[in-house]
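> These protein sequence lines map, in sequence, to chains C and B.
Counting in this note's numbering, the first sequence runs from 1 upward without gaps.
Counting in this note's numbering, the second sequence runs from 1 upward without gaps.
These aren't lab readings, by the way, just hints derived from the structure by calculation.
Hints should not be assumed to be uniformly reliable.
[Claimed, not checked] Under the rule of at most 25 Å between Cα atoms (straight-line distance), these lysine to any residue pairs were calculated in the SDA-like manner:
1) C/Lys-26 with B/Ala-18
2) B/Lys-78 with B/Glu-1
3) C/Lys-70 with B/Lys-78
4) C/Lys-26 with B/Asp-56
5) B/Lys-71 with C/Asn-95
[Stated by the list, open to error] Covered by chain C, per the in silico footprint, the following chain B stretches (three or more residues, Cβ under 8 Å):
6) 18-27
7) 106-112
[Said to hold, decoys possible] Facing chain C, according to a computed beta carbon distance under 10 Å, are these residues of chain B, among others:
8) Thr-31
9) Leu-46
10) Gln-50
11) Asp-56
Fair warning: this is a prediction, and the values are worked out from it, not measured in the lab.
No residue lacks a Cβ here, since even glycine has one placed at the ideal position from N, Cα and C.
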Amino acid sequence: SQQGEEDPQALSIQEGENATMNCSYKTSINNLQWYRQNSGRGLVHLILIRSNEREKHSGRLRVTLDTSKKSSSLLITASRAADTASYFCAMYNNNDMRFGAGTRLTVKP
Amino acid sequence: EAEVAQSPRYKITEKSQAVAFWCDPISGHATLYWYRQILGQGPELLVQFQDESVVDDSQLPKDRFSAERLKGVDSTLKIQPAELGDSAMYLCASRTGGSSYEQYFGPGTRLTVT
Chain C
1 SQQGEEDPQA
11 LSIQEGENAT
21 MNCSYKTSIN
31 NLQWYRQNSG
41 RGLVHLILIR
51 SNEREKHSGR
61 LRVTLDTSKK
71 SSSLLITASR
81 AADTASYFCA
91 MYNNNDMRFG
101 AGTRLTVKP
Chain B
1 EAEVAQSPRY
11 KITEKSQAVA
21 FWCDPISGHA
31 TLYWYRQILG
41 QGPELLVQFQ
51 DESVVDDSQL
61 PKDRFSAERL
71 KGVDSTLKIQ
81 PAELGDSAMY
91 LCASRTGGSS
101 YEQYFGPGTR
111 LTVT
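All chains, full assembly: derive it from the sequences and hints.
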């Protein structure tokens, strides 16, 4: 069963704008990961944030984690058409990882 | 760059038939996962292997699904008999294990049961 909820379910923006996706979860975690999935393909790991971290950056990606609120956000800055994909958060706890339902991002050129 | 291989990429089968999927993880990756992803949803874990041993198969419908990783390398997931509700993407992923948590996914097998 899904262990996380993502918000929004779908997001449509113009190229160059920033995209923010949110993930809420219910159980404690060791780390939280974000993955991208292009249509009909496998998932690609983007970034991992540990439970003792609050913010992490990788290129145009910024991830925050608030363990008190059991929530995380993924920010993609200066979006490109190639960022069009589904984005999933994944909660890892004691050798068990569960995915959220995903946010479908569309970046219009 | 090493990749997780899966075959076939697409499979159409009639209900009540048997179907099998194959996965070859990245060399040296001890942990292997099979996920099922229904269109519009996130992946759901079916089974997790550590080397050749099953670590978690609590979500595997064992009356019809089976999975094996006999030599701790490649793996096969079987469905027998297939039902209409089994139509989904079946994803295989692997990771090195230990303190490395990133999972590497294959391209998936799209199953359609008619």
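> Hints first: check each against the structure and report whether it holds.
Tested hints:
no., hint, in the structure
1, C/Lys-26 with B/Ala-18, "37 Å, violated"
2, B/Lys-78 with B/Glu-1, "28 Å, violated"
3, C/Lys-70 with B/Lys-78, "37 Å, violated"
4, C/Lys-26 with B/Asp-56, "20 Å, holds"
5, B/Lys-71 with C/Asn-95, "22 Å, holds"
6, 18-27, "violated (count 0)"
7, 106-112, "holds (count 4)"
8, Thr-31, "9 Å, holds"
9, Leu-46, "12 Å, violated"
10, Gln-50, "9 Å, holds"
11, Asp-56, "7 Å, holds"
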